[in-house]
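Going by the working numbering, the sequence shown opens with residue 396, and the numbers climb by one from there.
It is worth saying that the hints were derived from the structure and are not from the lab. You may find that some hints are simply not true.
Claimed, not checked - With a straight-line Cα cutoff of 20 Å, these simulated PhoX-like cross-link-like pairs (lysine-lysine) come out: (1) Lys643 <-> Lys545; (2) Lys643 <-> Lys544; (3) Lys543 <-> Lys609; (4) Lys609 <-> Lys643; (5) Lys544 <-> Lys673; (6) Lys408 <-> Lys545; (7) Lys408 <-> Lys458; (8) Lys558 <-> Lys595; (9) Lys647 <-> Lys618; (10) Lys665 <-> Lys643; (11) Lys609 <-> Lys446; (12) Lys544 <-> Lys609; (13) Lys670 <-> Lys545.
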Amino acid sequence: MKKQKSYKKTAGKLYLVPTPIGNLDDMSVRGVNTLKSTDLIASEDTRNTQKLLNHFEISVSQKSLHEHNYKQRIPEFLALLKQGQTIAQVSDAGMPSVSDPGQELVASCIQEEIPVISLPGPTAGLTALIASGLTVQPHYFYGFLPRKKKDQQEVLQNLAANKATLIFYESPYRLKNTVSNMNEVFNPQRKAVICRELTKIHEEYLRGTLAELKEYLTENTLKGECCLLVEGQSEQEVDISLPQAPLKEQVKQFIATGLRPNDAIKEVAKQNKLKKQKVYNAYHELNK
């Protein structure tokens, strides 16, 4: 085990500096001072970061560091750090490495015994969580789901029994399909919250069940960056999902939670890995 104090005294330092997720007033004094005093800023997008630097009158030069060039950039940054220079790493918004580039440089610095110093600051997931109204502890941060439906549903199936509040990031262009997939995999009556444009002028929270959010998104198009939070599996949901009861009784249990009969039939079919028609027949007592 290595302690941070064992790092080489002659090496520079890597600072991880969070940037505002929308409102520039959320930039900390320490963050501004760190950016002003560092030798170089490693930015996800230099054009985007330049707007921040201009706002706070910071004249330090930048070099890009993103998913397409990190293999080339990391050796360059390590060489500068070993010469005693300091580098501040930033992403376009929020904390570096959280659904953004950064972790590869951090891992490389640790391997080379170069100090890594993380500054606290804005992060969209926790900002959304504490105002969502859902259970704060425990929570599970996933970030961006896979884009393809099959891959996304596979991930959601693995998360279905998680009792923690689930935190996702999603593009407004994919949000409708993602919520639709969640309605197929999770109980549609789970509480969920869409948090849009956090810290900005048009900040908005849409609260309801997954079924209600799906219906809303069929009629409304959202813009801006979004967080999607979904409550974890409840004890009631666990009890309902137990397969010991006859299929008809299972359907009735889901209907009692507020689901429409067709949705309840679909949910029971999913829980028991049966065709929907088989459950439909059992509920309506057909083919006897």
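Now the hints, each set against the structure:
1. With a C-alpha separation of about 29 Å, the suggested pair lysine 643 and lysine 545 falls outside the 20 Å cut-off, and the hint is violated.
2. With a CA separation close to 30 Å, the supplied pair lysine 643 and lysine 544 exceeds the 20 Å bound.
3. Our distance criterion of 20 Å between C-alpha atoms is met by lysine 543 and lysine 609, whose separation comes to about 18 Å.
4. Of the supplied pair hints, the one linking lysine 609 and lysine 643 is violated, its CA atoms being roughly 26 Å apart against a limit of 20 Å.
5. At roughly 25 Å between alpha-carbon atoms, lysine 544 and lysine 673 are farther apart than 20 Å, so this suggested pair is violated.
6. Restraint check for lysine 408 and lysine 545: the C-alpha separation of about 43 Å exceeds 20 Å, so the hint is violated.
7. Among the hinted pairs, lysine 408 with lysine 458 is consistent with the structure: their alpha-carbon atoms are about 16 Å apart, no more than 20 Å.
8. At roughly 31 Å between alpha-carbon atoms, lysine 558 and lysine 595 are farther apart than 20 Å, so this suggested pair is violated.
9. This hinted pair does not check out: lysine 647 and lysine 618 have alpha carbons roughly 38 Å apart, beyond 20 Å.
10. For the suggested pair lysine 665 and lysine 643, the alpha carbons sit about 14 Å apart, so the restraint of at most 20 Å is met.
11. As the CA atoms of lysine 609 and lysine 446 are separated by approximately 36 Å, the hinted pair breaks the 20 Å bound.
12. Under the criterion of a C-alpha separation no larger than 20 Å, the hint pairing lysine 544 with lysine 609 is consistent with the structure, at around 16 Å.
13. At roughly 18 Å between alpha-carbon atoms, lysine 670 and lysine 545 fall within 20 Å of each other, so this suggested pair holds.
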